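Same order as they appear, the protein sequences are chains C and E. If you count the first sequence from 1, position 51 lands on 51 in the numbering used here, and the numbers rise without skipping. Each number in the numbering used here corresponds to the 1-based position in the second sequence with 1000 added.
If you are wondering where the hints come from, they were derived from the structure by calculation, not from laboratory data. One should not assume that every hint holds.
[As the list claims (entries may be wrong)] Below, in silico cross-link-like pairs of lysine to any residue (SDA-like), each with a Cα-Cα straight-line distance of 25 Å or less:
hint	chain 1	residue 1	chain 2	residue 2
1	E	Lys1004	C	Gly317
2	E	Lys1004	C	Gln63
3	E	Lys1004	C	Glu315
4	E	Lys1004	C	Ala57
5	E	Lys1004	C	Asp144
6	E	Lys1032	E	Leu1074
7	E	Lys1004	E	Gly1016
Note that the structure is predicted; figures quoted are calculated from it, not measured.
Number of protein chains: 2
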Amino acid sequence: MQFKAATIRDVAELAGFSVTTVSHVLNDVNGKRIAGSTRERIREAATQLEYRPNRLAQGLRSQRTHTIGFVSDLVATTPFAGQLILGAQEAASAVGSLLLLLSSGGDPALEDRELQALSDRQVDGVLYASMYHRIVSPPARLGDGPAVLLDARTENGEFTSVVPDEVGGARAAVEELLSNGHRRIGFCTDSADIPATRARLTGYRQALEVYGIPFDPSLVIAGPGEAVGGFDSAYSLLERPDRPTGLFCFTDRIAFGAYQAAAELGLSVPHHVSIVGFDDQEIISTNLRPGLTTMALPHYAMGKWAVESLIRQIENGPDSPAVHQLMPCPLVRRASVSTPPRG
Amino acid sequence: MQFKAATIRDVAELAGFSVTTVSHVLNDVNGKRIAGSTRERIREAATQLEYRPNRLAQGLRSQRTHTIGFVSDLVATTPFAGQLILGAQEAASAVGSLLLLLSSGGDPALEDRELQALSDRQVDGVLYASMYHRIVSPPARLGDGPAVLLDARTENGEFTSVVPDEVGGARAAVEELLSNGHRRIGFCTDSADIPATRARLTGYRQALEVYGIPFDPSLVIAGPGEAVGGFDSAYSLLERPDRPTGLFCFTDRIAFGAYQAAAELGLSVPHHVSIVGFDDQEIISTNLRPGLTTMALPHYAMGKWAVESLIRQIENGPDSPAVHQLMPCPLVRRASVSTPPRG
DNA sequence: CAGAGTTGCCAAAAGGATTAGGCGGTGCAA
DNA sequence: TTGCACCGCCTAATCCTTTTGGCAACTCTG
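Work out the full structure, taking the sequences as your base and the hints as a guide.
As structure tokens, this is what we get:
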């Protein structure tokens, strides 16, 4: 980090040309005609000195720091954070940018200070990430520069955003059961009023409709989100004489509870009951026996898309209109779905 | 981000003093005597203009960017990453620094380039994090500036590092079983040769020794790390007629498998068998029924300590000796431990 | 009242890069 | 021979802040 690194001046001196010319050559500035021999000598000097431009100075002058702020309410508290950040980071690296990470814990005052700090550092733009699909109201300051909402959007849609395609994902999940022959399909959902609950219910109904199956509200049970809630919901569904043969669970954690409920009732998965989850939380989905078929949340893809979109925004200037992207949720097939039992 | 922010020159102009004096006042430079009235007018002008120093320019001049690089092999791939990063980030924020995040995927060439990129940005220091306790050999470039190893150390101990106290954690886990009256305690461990396996075995033996119980190698079974491995190890231990009454599992994932094995054998937790895990992966530990008693890995604390130690190193200059910190693993009591069954 | 020591403030350099504008030299047409 | 275009390179300004060195003016001291 410290010790004497070569500056552009050193390169100029060694090559015997002016700093300007060195800059022109090293940055391939077009419109400038510079003799091939000059270019060569300059490049040679640069490599000889292992010259690397000082990004601070560069940023100061060019007003472009190649740094992106990543602000999140719960960075890292959820296991999803990882892929979201990773997707963003790799996409940023690909264009020579780095991520400046901040988590606000959801405190608006802190959030505002963090945006300030990013602004002081002249970040090129900001990613404002939520750790689950939410409607957010970010600090006004976010509007001061390029910004993209990650796994979130605002009430009025004023920022470019990317969220999972919940409807499509839920539809695909239920269709996976339908196409395996299931006709009575329960839905263990969450009682929270968040975009995901509404959208996944919509997807559930859409899938039924495609197959011409009437919607039966008694097959939808909303409980608290964790595994214990899933246990209760699934239990009440599975203990009925006309129990569903397939279960669509709002999250993998709920599916976890459903497995426990099935076990308690002496029902085996997928022999007696097929289960599809949502989120693909690998710790659960791969470690359950049998492995859980589930819809993956496209965190990596969303992180990547957000950065790419942000870069576009940075380069096009502030007049680009907001875009709202739905990212598809891929189906991850494991072993929790089979054809329904005869009868 | 963009639009005209006030510079120190604007403040100077408004206050009617020179840029120099403004800088002196705003930075509370000691040794400079400046009239109280002057200070007041300058501060007033600064707040009026909402002046905020440009961190880029500041860093360029002062050679201190208040930015810390966080390089990790698997950032974010594991659910642990979160707390590690969060601890580091919050500790950094507390002293006005920000984290520049990079993950290398373990590729040494990429890692080197990333350290380069950090160096180009003049970071004050670097955190080199591993996502599980490992012996690492970081790129030589890491030695160019202040650095701290997180959840890792080198063969020769050349960098300051912080890792979990595996021995103490394992000892505490086994003592939790011992103090509840268990005398036959199995250990489902991992067959990988990593610091954690050796250290936790040591802790297991130390705890037995404290209670004067001879070590029985047949109670230690090493398998592959995931839940399926845990299932097999636990199954083979629990199907024995002289089965252990307590199980210490190398990870929560293995404990997950052990729960499944116990269920398969008709044994209930904790009535027939008590189980203690390691890692406190909340998705597992809180969602298992009954909740899993386990040792938490002190990721947050390690992240925090690493930053604080790095800052110390930055401020003391390059002559500070390497420190190797062991961070204690707290016991998280849930419901998987009780007294052993009579008999 | 001369000389020494403080006080209060400022001009300019430094930090490393980009870039607008300019200048001398060459070649070619008039 | 003059005029013009263009090439190749450089000077200097700019980005914004911190820091070094120093200059007046004022207060003491003897």
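Each hint tested on the structure:
1. E:Lys1004 with C:Gly317: The given pair, whose Cα atoms are some 16 Å apart, holds under the 25 Å limit.
2. E:Lys1004 with C:Gln63: Answer holds: Lys1004 (chain E) to Gln63 (chain C) is near 12 Å, not above 25 Å.
3. E:Lys1004 with C:Glu315: Distance ~19 Å between Lys1004 (chain E) and Glu315 (chain C) Cα, so the pair holds.
4. E:Lys1004 with C:Ala57: holds (19 Å)
5. E:Lys1004 with C:Asp144: Measuring from Cα to Cα gives roughly 11 Å; hence the hint holds.
6. E:Lys1032 with E:Leu1074: violated (49 Å)
7. E:Lys1004 with E:Gly1016: Judged against 25 Å, a Cα distance of about 20 Å means the pair holds.
Of the numbered hints listed earlier, the single one contradicted by the structure is hint 6.
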